[in-house]
Amino acid sequence: MWDYSDKVKEHFFNPKNAGAVVDANATGEVGSISCGDALRLTLKVDDDSEVILEAGFQTFGCGSAIASSSVLTEIIKGMTLDEAMKVTNQDIADHLEGLPPEKMHCSVMGREALHAAIADYRGEEWKDDHEEGALICKCFAIDAVMIEEMVWANKLRTVEDVTNFTKAGGGCASCHEDIEAILEKVLAEKGETFDPTAAPVEAPAKIAAVKAPLTNLQRIKKIEEVLESLRPALMADGGDVELVEVIGNTAYVNMTGACNGCQMAAMTIAGIQQRLMEVMGEFIKVVPATEMAKLVNIGVA
Amino acid sequence: MSDIYLDNNATTKVDPVVVDAMIPYFLEQYGNPSSIHKFADGVARGLKHARQQVQALIGCEHDSEIIFTSCGTESNSTALLSAIKAQPNKKEIITTTVEHPAILSLCEYLEKDGYTIHRMPVDKAGRLNLESYKKLLSDQVAIVSVMWANNETGTIFPVAEMAEMANAAGVMFHTDAVQAVGKIPMMLQDTKIDMLSLSGHKLHAPKGIGVLYLRRGTRYRPLLRGGHQERGRRAGTENSASIVGLGKACELALEFIEYENTKVKAMRDRLERGITEQIPHCFVTGDMYNRLPNTTDIAFEYIEGESILMLLNKAGIAASSGSACTSGSLEPSHVMRAMDIPYTAAHGTIRFSFSRYNTMSEVDEVLKVMPGIVATLRKLSPYWDGNGPVADPEKAFAPTYA
Ligand SMILES: Cc1ncc(COP(=O)(O)O)c(C=O)c1O
Ligand code: FES
Numbered sequence: 008m009w010d011y012s013d014k015v016k017e018h019f020f021n022p023k024n025a026g027a028v029v030d031a032n033a034t035g036e037v038g039s040i041s042c043g044d045a046l047r048l049t050l051k052v053d054d055d056s057e058v059i060l061e062a063g064f065q066t067f068g069c070g071s072a073i074a075s076s077s078v079l080t081e082i083i084k085g086m087t088l089d090e091a092m093k094v095t096n097q098d099i100a101d102h103l104e105g106l107p108p109e110k111m112h113c114s115v116m117g118r119e120a121l122h123a124a125i126a127d128y129r130g131e132e133w134k135d136d137h138e139e140g141a142l143i144c145k146c147f148a149i150d151a152v153m154i155e156e157m158v159w160a161n162k163l164r165t166v167e168d169v170t171n172f173t174k175a176g177g178g179c180a181s182c183h184e185d186i187e188a189i190l191e192k193v194l195a196e197k198g199e200t201f202d203p204t205a206a207p208v209e210a211p212a213k214i215a216a217v218k219a220p221l222t223n224l225q226r227i228k229k230i231e232e233v234l235e236s237l238r239p240a241l242m243a244d245g246g247d248v249e250l251v252e253v254i255g256n257t258a259y260v261n262m263t264g265a266c267n268g269c270q271m272a273a274m275t276i277a278g279i280q281q282r283l284m285e286v287m288g289e290f291i292k293v294v295p296a297t298e299m300a301k302l303v304n305i306g307v308a
Numbered sequence: 002m003s004d005i006y007l008d009n010n011a012t013t014k015v016d017p018v019v020v021d022a023m024i025p026y027f028l029e030q031y032g033n034p035s036s037i038h039k040f041a042d043g044v045a046r047g048l049k050h051a052r053q054q055v056q057a058l059i060g061c062e063h064d065s066e067i068i069f070t071s072c073g074t075e076s077n078s079t080a081l082l083s084a085i086k087a088q089p090n091k092k093e094i095i096t097t098t099v100e101h102p103a104i105l106s107l108c109e110y111l112e113k114d115g116y117t118i119h120r121m122p123v124d125k126a127g128r129l130n131l132e133s134y135k136k137l138l139s140d141q142v143a144i145v146s147v148m149w150a151n152n153e154t155g156t157i158f159p160v161a162e163m164a165e166m167a168n169a170a171g172v173m174f175h176t177d178a179v180q181a182v183g184k185i186p187m188m189l190q191d192t193k194i195d196m197l198s199l200s201g202h203k204l205h206a207p208k209g210i211g212v213l214y215l216r217r218g219t220r221y222r223p224l225l226r227g228g229h230q231e232r233g234r235r236a237g238t239e240n241s242a243s244i245v246g247l248g249k250a251c252e253l254a255l256e257f258i259e260y261e262n263t264k265v266k267a268m269r270d271r272l273e274r275g276i277t278e279q280i281p282h283c284f285v286t287g288d289m290y291n292r293l294p295n296t297t298d299i300a301f302e303y304i305e306g307e308s309i310l311m312l313l314n315k316a317g318i319a320a321s322s323g324s325a326c327t328s329g330s331l332e333p334s335h336v337m338r339a340m341d342i343p344y345t346a347a348h349g350t351i352r353f354s355f356s357r358y359n360t361m362s363e364v365d366e367v368l369k370v371m372p373g374i375v376a377t378l379r380k381l382s383p384y385w386d387g388n389g390p391v392a393d394p395e396k397a398f399a400p401t402y403a
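Protein sequences appear in the order of chains G and H. Residue numbering for the first sequence follows our numbering, beginning at 8 and increasing consecutively. Residue numbering for the second sequence follows our numbering, beginning at 2 and increasing consecutively.
Incorrect hints may appear among the rest.
[As the list claims (entries may be wrong)] Mimicking EDC-like on lysine to aspartate or glutamate, the simulated pairs with C-alpha atoms at most 16 Å apart in a straight line are:
| id | chain 1 | residue 1 | chain 2 | residue 2 |
| --- | --- | --- | --- | --- |
| 1 | H | K208 | H | D8 |
| 2 | H | K315 | G | D13 |
| 3 | G | K192 | H | E112 |
| 4 | H | K135 | H | E165 |
| 5 | G | K228 | G | E252 |
| 6 | G | K192 | H | D114 |
| 7 | H | K315 | G | D185 |
| 8 | H | K369 | H | E256 |
| 9 | G | K84 | G | D98 |
| 10 | H | K113 | G | E184 |
| 11 | H | K113 | G | D13 |
| 12 | H | K135 | H | E93 |
| 13 | G | K84 | G | E61 |
| 14 | H | K113 | G | E191 |
| 15 | G | K174 | G | E187 |
| 16 | G | K23 | G | D55 |
| 17 | G | K14 | G | D98 |
| 18 | H | K86 | H | D114 |
| 19 | H | K315 | H | D4 |
| 20 | G | K192 | H | E162 |
| 21 | H | K315 | G | D10 |
| 22 | G | K145 | G | D10 |
| 23 | H | K14 | H | D4 |
| 24 | G | K145 | G | E131 |
| 25 | H | K92 | H | D140 |
| 26 | H | K369 | H | D4 |
| 27 | G | K51 | G | E81 |
| 28 | G | K292 | G | D244 |
| 29 | H | K113 | G | D185 |
| 30 | H | K193 | H | E162 |
[Said to hold, decoys possible] Here chain H is said to cover these stretches of chain G; the calculated rule only asks that three of the stretch's residues, wherever they fall, bring their Cβ under 8 Å from a Cβ of chain H:
| id | stretch |
| --- | --- |
| 31 | 17-23 |
| 32 | 34-40 |
| 33 | 173-187 |
I should point out that these hints are in silico values taken from the structure, not numbers from a laboratory. Cβ coordinates follow ideal geometry from the N, Cα and C atoms, glycine included.
Just chain G, with the same shape it has in the complex (with noise of 0.2 Å):
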């Protein structure tokens, strides 16, 4: 079975704060239960100071569901909804002294049913906004459509390219022949073949990575650098990227020409995403910026 640390067990077998709050004022549902994996975060916020009094899971699923649905409780008791706002699923993670990383979805599930119960007590839909597959490289945690939407975004072409990209790949090699076979998917999707021997894709542009966290102005100027490295590959499918705000860790872009509404728009978004993330070391969520709009409407920026 799974190489569980104590912290998991732990919290597994006496899981903290299991049931629903009894007169919560806030809900979080995610999950699927084709995935077999679902849970219902409850919250009771006090009205005045945005302080979580109590938190309760209700999980369906597998050991290290329950024990992060449990260790998320016990993080966010007596946080304020915009302090909870900034655990990640590393914290959660972590709290539990690690988790496998075929496990770590169910870290990311209980980041997700945390912001979709602060979206809920504040009035906002929550979308999720990202969407995941089989795990592919065990090395580092990769999953399939993380890489087809690379493939996608960066023309990747190569292997080596998705290593060059997603760092999938780059330890043991094992998962070298399904890597190869989303690349031959891909590829034949665009009407290429692949070549195992294709010239390497230029690499990322080595922005130095940034330890200290940043500034608002500093976030914003390595965002637009970014965004320009990207530029010519958008600008050679007839496409382009424009920075509109930076509120916090969202970034709202404005997607022109060929992108905007394009089906690949999505992938698109998501591939930039990915390559900010990679750049800042920071968590960073793009928006188009036709989003804030609507945010603007409820009153929240």
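Following the hints, complete the assembly by docking chain H with the ligands onto the known chain G.
Chain H with the ligands only, in chain G's frame:
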């Protein structure tokens, strides 16, 4: 209470008698069976004897129809690849949706090379439709490969009948009998089965030893070429100690086959009845009336298999699950999906598989803890409310996909 092992379809304990039979082949008769000196002169005899012991268990006509391999997976690969190599003009393979990955992954791979794979579906009880099978048989088919018994549910397929049908259509027939051999009686010489795979570690022999039965006269191409071992049909120096162990294990399996189908079956039945009577919202999967005597696979609704296994493990009980989370994938087992078991149940299936080493008091022990384990997890489940599932569970809790 010492630990209880109910995961015998995954692998079994090596019988101490088998270990005893093997020891001399490590310490004294360790010579290469091809050599001519006293360190080797007993080995050939040991191998010959083992071949006859396997022959007796599966009831084949000649001991030379037994080819020793390294495992069930190798036997399966050898069978399929041999059939397509020997008949290069035939580009179709018939199999089922519920085979072991040892067959399914290979078929997927061959599909990429242009082979057409017919994967026969099963009904909700895991049964095949022989009418549709008949329609698939043609001179385009290189081989039919259908498991004798399913590793998850224990469901037995009518392989003897299916082999007759294939034979009448001039098509080769292979069966993955890894789970069936030693648990149900068989007499291959009375069938039209051309090839059969078995694996030592499922019947109290060591891991890493298997057999491909190859009916005399079946066209064959070896997977491993090299020395003359196994009459040139599987090169590589014989794993003599394990072969001798497998022979002994087959002899014991034959001796215990009645016990398996009476005493072992009685333990399985008691556990199954006890669980389904005591615990609401659970059901047995597979074909209740055509099953291995040692296997029961029970779906516990609204909870997830891995968490059940973790609590069982804490209680000292080993079983296994068709849950996705035990394998690190997102989908529950392909066998549960093939039977169209709803997701709320498919993720919570637990397989209990017995052997002659189990006892009735172990069954009672499991029956004591199982209801509590299920209740504990249901208390955490968003699909469960107090004493029963929430009304219309799939609607009442319909989370956003994340
Ligand atoms: C039906 C079936 N076929 C094949 C195998 C593989 O056998 P081995 O582990 O000897 O390769 C197994 C074992 O898990 C099995 O249950
Ligand atoms: S699994 Fe991808 S490099 Fe190891």
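Each hint, compared with the structure:
no.: 1; hint: K208/H / D8/H; result: 15 Å, holds
no.: 2; hint: K315/H / D13/G; result: 13 Å, holds
no.: 3; hint: K192/G / E112/H; result: 14 Å, holds
no.: 4; hint: K135/H / E165/H; result: 11 Å, holds
no.: 5; hint: K228/G / E252/G; result: 12 Å, holds
no.: 6; hint: K192/G / D114/H; result: 15 Å, holds
no.: 7; hint: K315/H / D185/G; result: 36 Å, violated
no.: 8; hint: K369/H / E256/H; result: 32 Å, violated
no.: 9; hint: K84/G / D98/G; result: 14 Å, holds
no.: 10; hint: K113/H / E184/G; result: 13 Å, holds
no.: 11; hint: K113/H / D13/G; result: 44 Å, violated
no.: 12; hint: K135/H / E93/H; result: 14 Å, holds
no.: 13; hint: K84/G / E61/G; result: 6 Å, holds
no.: 14; hint: K113/H / E191/G; result: 11 Å, holds
no.: 15; hint: K174/G / E187/G; result: 14 Å, holds
no.: 16; hint: K23/G / D55/G; result: 26 Å, violated
no.: 17; hint: K14/G / D98/G; result: 14 Å, holds
no.: 18; hint: K86/H / D114/H; result: 13 Å, holds
no.: 19; hint: K315/H / D4/H; result: 10 Å, holds
no.: 20; hint: K192/G / E162/H; result: 40 Å, violated
no.: 21; hint: K315/H / D10/G; result: 15 Å, holds
no.: 22; hint: K145/G / D10/G; result: 14 Å, holds
no.: 23; hint: K14/H / D4/H; result: 13 Å, holds
no.: 24; hint: K145/G / E131/G; result: 35 Å, violated
no.: 25; hint: K92/H / D140/H; result: 10 Å, holds
no.: 26; hint: K369/H / D4/H; result: 14 Å, holds
no.: 27; hint: K51/G / E81/G; result: 14 Å, holds
no.: 28; hint: K292/G / D244/G; result: 23 Å, violated
no.: 29; hint: K113/H / D185/G; result: 13 Å, holds
no.: 30; hint: K193/H / E162/H; result: 9 Å, holds
no.: 31; hint: 17-23; result: holds (count 3)
no.: 32; hint: 34-40; result: holds (count 5)
no.: 33; hint: 173-187; result: violated (count 0)
When each numbered hint is compared with the structure, violations occur for hints 7, 8, 11, 16, 20, 24, 28, 33.
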